Structures are given as structure tokens and as C-alpha cells.
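Novice: Here are the chains, one letter per residue:
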Amino acid sequence: MLAAQVLINALVLGCLYACIATGFSLVWGVLNVINLIHGSFIVLGAYLAWGLYQSLQISPWYALGIAAPAFFALGYVIQRLILNRVITAPVLVTLTLTFGLDLILNNAMIYYFKADYRKLTLTPPMGSVSLFDVVVPIDRLIATASALALTGVLYLILRRLRVGRAIIAVRLDRDAARLMGVDVNSIYAIAFGLGAALAGCAGVLMALIFPISPLTSTAYLGKAFVVCVLGGLGSVSGALAGGILLALIEGIGSALIGPAHATTLSFALLIVFLIVRPQGLLGRKGFE
Amino acid sequence: MARSRLTSRRLNSLLLAVCFGLSASAALAQDVVKFGAPLPLTGPLAPEAIKQQQGYDLWAEQANKAGGISVGGKKYRVEIVYADYQSNTPRAVQTTEQMITQNNVNFLFGPFGSGATKAGSSVSEKYKVPTIASTASSAQVYDQGYKYLFGTFTPNDTLTTPLTQIVKAKAPDVKKVAILARNDLFPLAIAQEMEKSAKANGLEVVYFEKYAINTLDHSATLSQIKSLAPQWIFVTGYINDLLLVRKQMADQQIKAGVLSMVAGPAYQEFIDAAGASGENITSAAWWHPAAQYSGKDIFGTTANYVKLFREKYKSDPDYAQASASVSGALFQMAIERAGSLDRDKVRDELAKMNEMTFWGPVKFGPTGQIDSLEPPVLQLQGGKAVVLSPALIKQGEFRLGVN
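Chains as they are written, first to last, in my numbering: chain F, 1 to 288; chain R, 1 to 403.
Check the hints yourself; a few may be wrong.
What the hints assert, rightly or not - Distance condition first, Cα-Cα at most 27 Å in a straight line; then the derived DSSO-like pairs of lysine-lysine:
{"no.": "1", "chain 1": "R", "residue 1": "Lys210", "chain 2": "R", "residue 2": "Lys199"}
{"no.": "2", "chain 1": "R", "residue 1": "Lys363", "chain 2": "R", "residue 2": "Lys352"}
{"no.": "3", "chain 1": "F", "residue 1": "Lys114", "chain 2": "R", "residue 2": "Lys307"}
{"no.": "4", "chain 1": "F", "residue 1": "Lys114", "chain 2": "R", "residue 2": "Lys384"}
{"no.": "5", "chain 1": "R", "residue 1": "Lys345", "chain 2": "R", "residue 2": "Lys75"}
{"no.": "6", "chain 1": "F", "residue 1": "Lys114", "chain 2": "R", "residue 2": "Lys363"}
{"no.": "7", "chain 1": "R", "residue 1": "Lys199", "chain 2": "F", "residue 2": "Lys114"}
Claimed, not checked - Going by beta-carbon spacing under 10 Å, a handful of chain R positions derived as facing chain F:
{"no.": "8", "residue": "Ala46"}
{"no.": "9", "residue": "Glu204"}
{"no.": "10", "residue": "Val205"}
{"no.": "11", "residue": "Val206"}
{"no.": "12", "residue": "Glu209"}
{"no.": "13", "residue": "Tyr211"}
{"no.": "14", "residue": "Asn214"}
{"no.": "15", "residue": "Thr215"}
{"no.": "16", "residue": "Ser219"}
{"no.": "17", "residue": "Thr221"}
{"no.": "18", "residue": "Tyr238"}
{"no.": "19", "residue": "Gly275"}
{"no.": "20", "residue": "Glu279"}
No wet-lab data here; the hints were simulated from the structure. Values in this document were obtained by computation on a predicted structure and should not be read as measured data. In this text, a Cβ means the ideal position worked out from N, Cα and C, and glycines have one as well.
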């Protein structure tokens with residue numbers, strides 16, 4: 001029964017990891033930008049959910065509807081005004097720029113919200129469901145379903161909508177896309193906006209599960225990074241596969257060799273993947 | 001020519017102004033006693049540094065409001081010199097040395113935590129500067145044979161032993177303990193002390209594991225603990241870890257006779273964030289605002305200290321802030337008794353200190369670490385931390401059962 005519980009825990013956690021990583025993966029894959037501000041966007045989303053629930057009693061499910069457009073606009077503006085100026089520069093330049101932006105946003109949050117930990121506690125609490133002694137908390141189940149729905153929406157945008165096809169086109173070959181009449185700068189801004197919207201929504205969902213503090217942003221960013229490398233860059237299904245693989249490794253590793261070594265195990269796997277399969281589980285060669 | 005005369009006149013007046021300024025500042029410097037406080041004001045330990053700073057500032061403000069520290073009939077204003085060592089221990093050592101050699105501080109407060117305090121104390125000992133460490137509990141900090149180092153935290157086992165004794169007395173059915181510790185200096189040391197206390201009191205430790213810093217999920221670990229059915233679950237970590245563990249315990253419907261968390265329930269942030277799920281969690285800390293001591297220090301009673309703290313910071317103090325404040329108050333008492341700013345005389349007064357304060361009874365043992373304090377055991381009852389022991393400040397009875 002313990003094995004079944006560990007497996008279910010890992011599947012649910014894996015979907016949450018995927019939710020954290022999808023936006024990061026999109027931005028990295030399309031813009032070739034390692035967006036270090038991603039973790040702080042997630043924390044800001046969590047604060048948004050917390051603030052709306054505490055002050056206006058707006059449920060986190062509705063907060064998703066507010067976070068998505070707000071973070072899209074924020075991401076769009078940051079890309080248009082700042083990142084687009086250096087987008088063709090080597091990856092180290094954009095990396096440093098997003099590092100700087102992250103410092104500003106994170107310290108602004110520490111200044112405004114303080115480094116105290118806060119918790120979004122739904123009243124009444126949602127409780128858990130159990131089947132043959134295997135227990136799954138309902139808030140995690142709903143967050144998982146929402147995470148799957150969000151990644152599904154992104155998949156549909158990329159596959160079905162004109163703007164989605166343009167994003168894919170820019171990702172495959174920026175110059176060819178420009179020659180075909182695609183406004184590349186605008187597509188970059190839209191892709192970054194989508195990445196930010198996904199991060200904001202992930203933050204709203206994480207607020208239900210994890211304590212909220214600006215200091216947690218690096219933990220989210222670290223997970224997003226590992227999930228992307230394991231799953232493959234820029235693909236929605238890759239983020240899902242990477243998230244579940246990471247959660248499984250952590251869960252099984254924690255049960256077998258102790259929780260202190262679970263993180264070591266996941267980073268060891270990261271190194272193995274970087275050497276043996278740098279394109280990740282579902283990524284394609286040449287997309288990095 | 002006219003221009004150069006003008007310049008030389010200006011130069012003269014500038015020199016004159018500098019001389020006046022120097023003599024004025026020299027006069028001022030005579031009336032000031034300087035305390036150095038190297039703190040990790042930026043970096044991961046910044047929240048802890050801010051707490052210490054709040055404690056020192058409150059003391060300095062109160063001391064200055066009363067006219068300053070009285071030294072041989074003359075009043076000296078308190079000035080605290082802060083320096084940021086960026087949560088980097090080697091830099092804490094450099095900063096301590098700079099404070100002594102460049103800032104010319106009279107006395108020192110220790111940096112944050114046992115590790116940095118131990119490192120910094122080698123410098124303050126070399127220059128024979130009395131230092132009060134307000135956040136170092138490990139006995140290894142004090143067993144170096146140093147004469148000028150004093151500390152306001154008792155050793156870690158003084159937190160776990162009274163807790164174990166209360167559980168053993170009040171909940172005789174508790175036989176199995178599971179211990180989960182954050183893999184970090186202080187949380188791990190407390191967990192190891194808990195393991196010793198449990199074994200010494202005839203309890204079986206069925207689980208002892210560490211979790212990594214920045215762990216985002218404890219579900220696998222908690223499933224394993226649940227399968228072992230311990231009656232007492234003991235978790236150490238910082239507020240975010242403990243909140244997460246508590247939430248995931250409820251998610252997985254893990255129930256236990258006793259749930260202890262160190263040091264979450266001692267902090268108001270934990271109580272606020274945990275809400276109803278915090279009920280009946282036990283903990284131990286070196287001090288708590290619910291304590292009721294009546295001291296001879298500048299703050300007098302614990303209640304008065306809490307009132308002054310609330311007025312200044314609009315929140316309740318915890319043990320970190322109170323320890324910083326009492327460190328200042330102890331220096332003040334020692335200096336006033338020595339009637340001098342002479343470092344050796346003040347050191348001797350600290351060494352023979354045996355006084356009640358708002359922090360509790362203060363007497364430093366032969367190593368310099370306080371040995372008079374009995375840290376309170378706490379339990380969250382009805383959204384409030386209630387003191388279960390020591391008997392002197394007890395407020396309520398232990399309650400069994402955490403859902």
C-alpha cells in the first residue's frame with residue numbers, strides 16, 4: 001500500500017511540477033532565453049491569489065482568470081520594452097538581464113510583503129479522498145486537473161491558432177518566419193507573455209499547496225530547470241513527462257534512501273541526461 | 001594673485017572648520033559607548049538579522065531615552081554600529097575584526113547562529129573584547145576556553161529534555177517516536193538531541209531522517225512515517241518547512257498523539273499561517289512573550305518588554321528579538337556595575353552576573369554559556385501559545401491528540 005501511495009503522490013506532484021515548468025520551457029524553447037524571473041513570477045502569482053482571497057474572498061479558481069491576463073500583459077510589456085532590445089545577443093546577455101530583473105522583482109516583493117511565510121488556507125478546508133488507504137488531498141487533485149487543463153490550452157494555442165503556428169515557426173527558424181511576413185518581435189512578446197501567464201497561473205495553484213514567500217522563488221526556478229532538461233525544451237508534453245519523471249525519482253528515492261538524498265538523486269539524473277540525452281525525453285535534436 | 005589669496009583664505013577657514021569638527025566629534029565620542037553588531041543583513045539569513053537588529057535597536061532606544069548608560073556618575077549614549085556580512089561566515093570574521101580595529105567599538109554582539117559566532121569569537125578573544133552572543137546555542141561554541149565570550153541561549157538539550165519528560169508523564173501510551181529534521185546546523189542538532197532524549201526516556205525511535213534544504217514536497221516521507229504508526233512525530237525546520245509538513249500531514253490524514261515542531265509555534269507567523277491546523281502542536285524555545293518574569297534590567301517585566309516591542313514594531317517579539325534586547329540590557333548592567341568602560345572590568349561583571357531579567361534568570365556558567373535559564377515548553381491551544389513548563393511561568397496543562 002505504501003508503494004501505491006508513493007506512486008500516486010508522485011503522479012500528482014509531477015503534474016504540479018509540469019505546471020511550474022511549462023511557461024519556462026516555452027520561453028526557453030522559443031526565445032532561447034533562460035528566464036530567471038520565472039520563479040518570482042510564480043511567487044507573485046501566489047501572492048495575487050492570497051491577496052484576493054484574504055481581502056475580497058475571491059476563490060483561487062476565479063483568481064486564475066485574473067492572473068492569466070494580468071501576467072500576460074506584464075510579460076508582454078517586459079519583452080517588448082526590455083528583452084527585445086537584446087534578444088539577438090548571446091544567451092549570457094539575456095540570462096544576466098533576466099537575473100537583474102529577478103533581483104529587482106524579488107527584492108521588491110521582500111520589501112513589500114516581507115520575508116514572512118504566508119499560507120492560503122481555504123475555509124472550509126477541502127479535505128482528502130481515500131481509496132483502499134491511498135489518500136489524495138482534493139486541493140492537489142484540483143490543482144493537478146487545472147495544471148493539466150492549462151498545459152492543454154497552451155497545446156491547443158500552439159497547434160490550432162494562427163498565433164501559435166507563428167510561435168512554432170519563429171522557434172524553428174526566425175529568419176524564414178520573418179521572410180514569410182511574421183512580426184517576429186511581436187511573436188517574441190506574445191510567447192514571453194504566455195510564459196508569464198502560465199507562471200502566474202502556476203503561482204495561484206501553488207498558493208493552495210505551498211507556503212508563500214519571496215524566498216521560495218529559487219526552489220520553483222530550480223524545479224522548472226530540471227523538468228525542462230529531463231522532458232525536453234519547448235514542448236508541452238515534454239514538460240509533463242519531465243515533471244512526472246522528476247517527481248517519481250524524488251518520491252521513490254526518498255522512500256528508499258531517505259529524503260535528504262532525493263534532491264541529490266534528481267540532480268544526478270539531470271547530469272546523466274545532459275550527457276546522454278541532452279534533448280530530453282521528448283525533445284528533438286537541434287531545438288535547443 | 002587675488003585669486004590665490006582667496007583660495008588660501010578659503011583653505012584656512014576650511015582647516016578651521018575641520019579642526020572644530022574634529023574637536024566636537026572628539027567631545028561627542030567621549031560620551032558615546034559603541035557596540036558592534038556584525039549581522040547577515042542581506043542574503044538567506046537576512047530575516048534573522050532583521051530580528052536581531054530590532055532587538056538591539058529597541059534596547060538602545062530605551063537606554064538612550066533614560067539618558068544613556070551610567071558610568072561612574074556620567075551618562076554615555078548608546079550607539080550600535082551595524083555591518084553586513086552578507087550571510088557569509090568568513091566575512092563575519094573579517095567584519096568583527098574591522099569593527100574592533102577600524103570602528104573602535106567598545107563591546108561586541110555575536111553574529112547570527114552558532115557557526116558564525118564560533119568563528120567570530122576567535123577574533124574578539126584575540127583583542128579581549130567582551131562579546132555577548134544572542135543566537136548561539138551549541139555547546140561547542142563555548143568550550144574553547146575563551147574568557148570574553150558569553151551567550152544567552154542554553155544548550156540544545158535543554159529544549160528537548162523537558163518536552164520529553166512532559167510527554168512521558170502526561171501521555172504514557174506514547175512509545176514510538178518519528179523524527180524528521182531539516183538538514184541544517186540548528187534543526188539537525190535539535191533533532192539529534194531529541195533522539196538522545198527519547199532513548200534516555202525509554203521511547204523507541206522508529207524513524208530518523210533528514211530532508212534537504214528547499215524541499216518542496218514531503219508526501220513520500222510522510223507516507224512512510226504514516227506506515228510506521230508513531231504516536232509522537234517530531235519535526236524540526238524553519239517556518240516554511242513546518243507549515244508544509246503540517247499541511248501535508250493533514251492531507252494524508254496522519255494523526256498522532258503528540259506532534260512537536262521546533263521552533264515554528266514560537267513564532268507568531270507560524271501561528272497565523274497554520275490557523276486551526278496548529279492546534280495542540282508542542283514546541284520549545286528559549287523564551288516566549290507569555291513568560292512572566294520580573295527583572296532588574298532596563299525593561300523590568302516581560303510584559304513591559306512585550307508592550308514596548310509592540311509599540312515600536314506593531315508585532316509580538318519572539319525569542320530571537322528578546323535575546324538581542326537582553327544582550328544589550330546585560331551589557332548595560334555590567335557596565336554600570338563596573339563603573340567603567342574598561343573591557344576587563346566589564347567582562348568580570350558579566351562573569352559574576354546572577355540576576356533576574358525579563359528574559360529569565362541570568363547566570364553564565366564557567367564556559368560563558370548561560371546555565372540558569374529553563375526554556376519554556378509551549379503548546380498551541382485555541383490559537384495561542386500556552387506555556388506548559390517551567391512551573392514558575394506555567395499557564396496550562398498538556399493536551400493530547402493532533403488531527
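Novice: Could you run down the list of hints and mark each one as holding or not?
Specialist: Against the structure, the hints come out as follows:
no.	hint	result
1	R:Lys210 to R:Lys199	holds, 18 Å
2	R:Lys363 to R:Lys352	holds, 7 Å
3	F:Lys114 to R:Lys307	holds, 22 Å
4	F:Lys114 to R:Lys384	holds, 23 Å
5	R:Lys345 to R:Lys75	holds, 18 Å
6	F:Lys114 to R:Lys363	violated, 36 Å
7	R:Lys199 to F:Lys114	violated, 40 Å
8	Ala46	holds, 7 Å
9	Glu204	violated, 19 Å
10	Val205	violated, 15 Å
11	Val206	violated, 14 Å
12	Glu209	holds, 5 Å
13	Tyr211	holds, 4 Å
14	Asn214	holds, 5 Å
15	Thr215	holds, 7 Å
16	Ser219	holds, 4 Å
17	Thr221	holds, 5 Å
18	Tyr238	holds, 8 Å
19	Gly275	holds, 5 Å
20	Glu279	violated, 13 Å
Violation of the numbered hints given earlier is confined to hints 6, 7, 9, 10, 11 and 20; the remaining hints are satisfied by the structure.
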